[in-house]
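So the chains spell out like this:
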Amino acid sequence: MLILECPCCGVTGEETEFHAGGEAHLKRHSVGSTDDQFEEYLFMRENPRGVHLERWRHNNGCGKWFHAARCTMTLEVFGTYPAQTYEPPQEIKDAISAKRPGWSWRNFS
Amino acid sequence: MSTRLKTGGRFTDGGAQLSFDFNGKKLKGVEGDTLASALLANDQMMVGRSFKYHRPRGIVASGGEEPNALFNMGGTDDFEPNQRATVTELFDGLKITSQNHWPSLEFDIGAINKHLSRFLPAGFYYKMFIHPRPLWKHVYEPFIRQSAGLGKAPRAQDRDPDTYEHFYHFTDVMVVGGGVAGLQAAYAAALTGVKVLLVEQTAHWGGRAPVDGGEVDGLPVGNYVDNLVAELSAMDNVTMRTRMMGAGVYDHGYVLGYERLRDHQPAEIGPRHRLWRIRAAQIVTATGAIERPLSFAGNDVPGVMLAGAVRDYAVNFGVSIGDRTVVVTNNDDAYRTAITLKGLGLDVPCIIDARAGGGGALAEDAKALGIRVENGKAIAKVKGTKRVTGVSLCVQAGEGAELEEIACDAVAMSGGWSPVVHLWSHCGGKLIWDEQQSHFRPDAERPPMGATGEGFVSVAGSANGHLQLAELIGDAHGAGLAAGRAAGGNAAKATIPEGAPTSENPVEPVWLMPQGAGIKLRSKTWLDYQNDVKVSDVQLAAQEGFESVEHAKRYTTLGMATDQGKLSNINGLAVLSDALGQPIPQTGTTTFRPPYTPISMGAIGGEARGKVFQPLRKTPLYEWSDTHGSDWEPVGAWRRPFAYLQPGESVHDAVNREVKNTRENLGLLDASTLGKLIVKGPDAGKFLDMLYTNMMSTLKVGKCRYGLMCSENGFLIDDGVVARLDEETFLCHTTTGGADTIHGHMEEWLQTEWWDWNVYVANVTEQFAQIAVVGPNARKVLEKLGGMDVSKEALAFMEWADGTIGGFDARVFRISFSGELSYEIAVPASQGLAFWEALIEAGEEFGAMPYGTETLHILRAEKGFIMIGDETDGTVIPQDLNLHWALSKKKEDYLGKRAHQRSHMADTDRWKLVGLETVDKSVLPDGAYAVEEGVNANGQRNMFGRVTSTYYSANLERGIAMGLVKNGPDRMGEVIEFPKTDGTIIKAKIVDPVIYDPEGAKQNV
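Chains A and B are the protein sequences, given in the same order. Going by my numbering, the first sequence opens with residue 1, and the numbers climb by one from there. Going by my numbering, the second sequence opens with residue 1, and the numbers climb by one from there.
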């Protein structure tokens, strides 16, 4: 059972306080997109052994969505950050780089 | 025979006499006994029949690893199967029966299977029961069900009378295992000043050390243990628990502890088991090691036992397994058993040591006691069926030619010791194969890692591969200090304890005895006692291509069931490795999963049972309904009245009365559970346009509009009426079950996609009581109560208004889910009951009666209104339900719009909503499928439709139904067939789903 820190209210809580919400930083495709783009958006997900950026909601707390940068192999948490962003902030990228030099995830590295 | 010795035992000395019941026989035991030691003291060597071949089986071990001695325990309500005798402490009046036999333990019909054993090889079930397929249902499945499973399941109607609880605990260091290593580690960790939790699964501190002997700091190890326990007990920062197992280690230092509080004293008051939910910064597993059996023919005959267990029973309980015990080993430790037995005056005819070079100092001690030692020898086979009568001696290097028969009534075997690495491995700790000691042990370089990327588990003592007291005591001390410091403790000054060194010859791996045993011997050589897996089975699996250890496990069942292969895994994978011609580390182990040994379902459930299983959600009218005949229906966490029963009425009668009364007079419905979400802000209209398929931004203040919500992949997720309260504020009604999820859905899009839009959402579901006033007399009762104009002119269909009714502040919606003249009236929740009672009283002269959810369903089905969850199931789109009119063509985008353009969604052959009218007026079964000629790829009848809602309509005096049928709307008038589960068929005509008042004349008055 993971321990995560909600970047919105600052609470460090047990996993049961949160709800996992799948991959972070999805680009929404809608009307006007090709079938391939729409399929990619709806169904295609990363499943890495290692660095992963994912969405969580503090649903038994402040109710806010946030993102976590985590290693799926070791369960190490590199950091959490608010969901209102299109890419991980620099300090999160730096924190990952410090532990996993040369990491990449989708088009982030 | 096995018997109680006059010499006494560490745990049983001075204990009171107890009596217990075994298969109806009254037996005597002593306080301090385990059930296993008490059975052995009564010469009850045979304790059960094996799972597959029903061979007689005896007790093999003395701890939690025991595979054979499993019993049905208790009577009716407290019945539990598969209780291990070795960890069950005896109490007066304990009642058990043995498992897996019929008609009796001594004479068992199923034992015929052993003569069929060559027809029951590995993978037998997979091979045998595949063909012919038609035999599966009536022959194979009943047979497998009959013989499947260990023990009996408790009866469904029985209720566990005991209570259980969960307990939360936070600590700096947790030490699992209260043997000498665990005690030492806990002591060292506590010296650093941190908070320490030490748990031991048995009732006693010290583990094996006091039985095995040795010295620490010049003291006999038993005394050293006593001193440590006394010191730890006096430390304020240390919590100690016996009878508590570290069950599992999980992410980020989460540990489950399983404490058995009353199993040994059932008459006491209080919870039976307690599940500890622990967070520890550092965990030290001092879980010891488990002795491995040796693989020789007949190693499952009752009387063959692990050498360490034989020693435990003798020293701890004063119980001897036999008068003449042959010891067979590949290591020095088993010599301790021979020496112990000899010291108690028992006969040890021979120590059979598979190693050509024999043992070290202990072997010399044994010889000095006059015990015959045979080096380089093996047991070819054990003689006897229900009890050992002798062993056949042979050379280990040969094929099993008998040199001589040695008469004996017990065999103490030792195949070496395997560290208990389970807790280390649960959360990802890796293992290395220790060639010298022939076992897997934790690889300190690759521990389970916590949130910061640092290891949070370390290992101490024999669990770490240190089998000698002199090594393990220092190792444990170091592990405790390191854990304490890693958890934030101080550098502590402490002298490292010193154990007296011993000189032992190394273990030699012996995976088969004798080395060249032929197929006849191998087919009687058991690896896994609990699942009846033999050496020959694992070899066959390898031969048939099951090369992965995980596959071989599942194919042969090696290491499955309640003991999870604690005795068999290493031996099994060694045999597999040998058969595959690869080294053991390359084969690897199967996955270690928690719990370490089975824990009770009661402990997992804790207090969450009965009324406190889940908090009930109650509307303000709950008490009133409960005292007025409500037949309650669970709707999510809510309870809603299904119908209101009048005295003497059946549920069916009540529903029919409510249906007719609402259509003809006046019905009142508690609609408070409907979700009510306030969506407010400058961008509220724009936001709702994205969430609903219809246009909401154009809704006028004072008006209502029915709306549909789809997920991004186009499927219907919710529906309801939206009211515009003012320019910036909308009130969105959701389904009862959808209130929380749709609130979450809105928050998700607002926070993660359109976070720059100025919108707030608030869930006010419980702030209001909402009552539907329905039927031809609806307006009359409201006018009688008075306060606001509810005429058609002032408040038309699909409008809402604020005002007062009968003195209550009310928001009145002219909306209808029944097709009748209908008002849904929201009042503050605190006023709900008073308002309801006012309506009941004022409505009496108009025939007012409350109605429940079943009437609500029937009324809406007569009108062809869909219900989320009946007509939809997560695969249905609005077009399937002929709701095209609710899909905006003007809007550029909304959730689901793009998905509706995908080819399968736009397919013209989708199943679509129709009404179904049974030819014989009967009620269609819910979920029934419409079938046509031909079969699909799975050999099932082709299906082209199904029933989604079906009721008896008292108004129409026949069954009514809706369903989804391929091209349904184009097939009006066609009669289709729905087979029932009893083999008969119901015919139904495809009709318009709107049966009642298609023009809407009744509701629009």
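A couple of the hints might just be wrong.
Unchecked claim - Result set (DSS-like, lysine-lysine): computed pairs, CA atoms no more than 25 Å apart in a straight line:
no. : chain 1 : residue 1 : chain 2 : residue 2
1   : B       : K618      : B       : K703
2   : B       : K430      : B       : K703
3   : B       : K430      : A       : K27
4   : B       : K890      : B       : K680
5   : A       : K64       : B       : K680
6   : B       : K891      : B       : K680
7   : A       : K64       : B       : K686
8   : B       : K342      : B       : K686
9   : A       : K27       : B       : K686
10  : B       : K95       : B       : K28
11  : B       : K703      : A       : K99
12  : B       : K897      : A       : K27
Honestly, the hints are just simulated from the structure, not real lab data.
The hints, checked one at a time:
1. K618/B - K703/B: 30 Å, violated
2. K430/B - K703/B: 65 Å, violated
3. K430/B - K27/A: Judged against 25 Å, a Cα distance of about 38 Å means the pair is violated.
4. K890/B - K680/B: 23 Å, holds
5. K64/A - K680/B: 18 Å, holds
6. K891/B - K680/B: With Cα atoms ~21 Å apart, K891/B and K680/B stay inside 25 Å; holds.
7. K64/A - K686/B: 22 Å, holds
8. K342/B - K686/B: 90 Å, violated
9. K27/A - K686/B: 20 Å, holds
10. K95/B - K28/B: 12 Å, holds
11. K703/B - K99/A: Violated, at about 58 Å.
12. K897/B - K27/A: Given pair K897/B, K27/A holds - Cα atoms ~17 Å apart, limit 25 Å.
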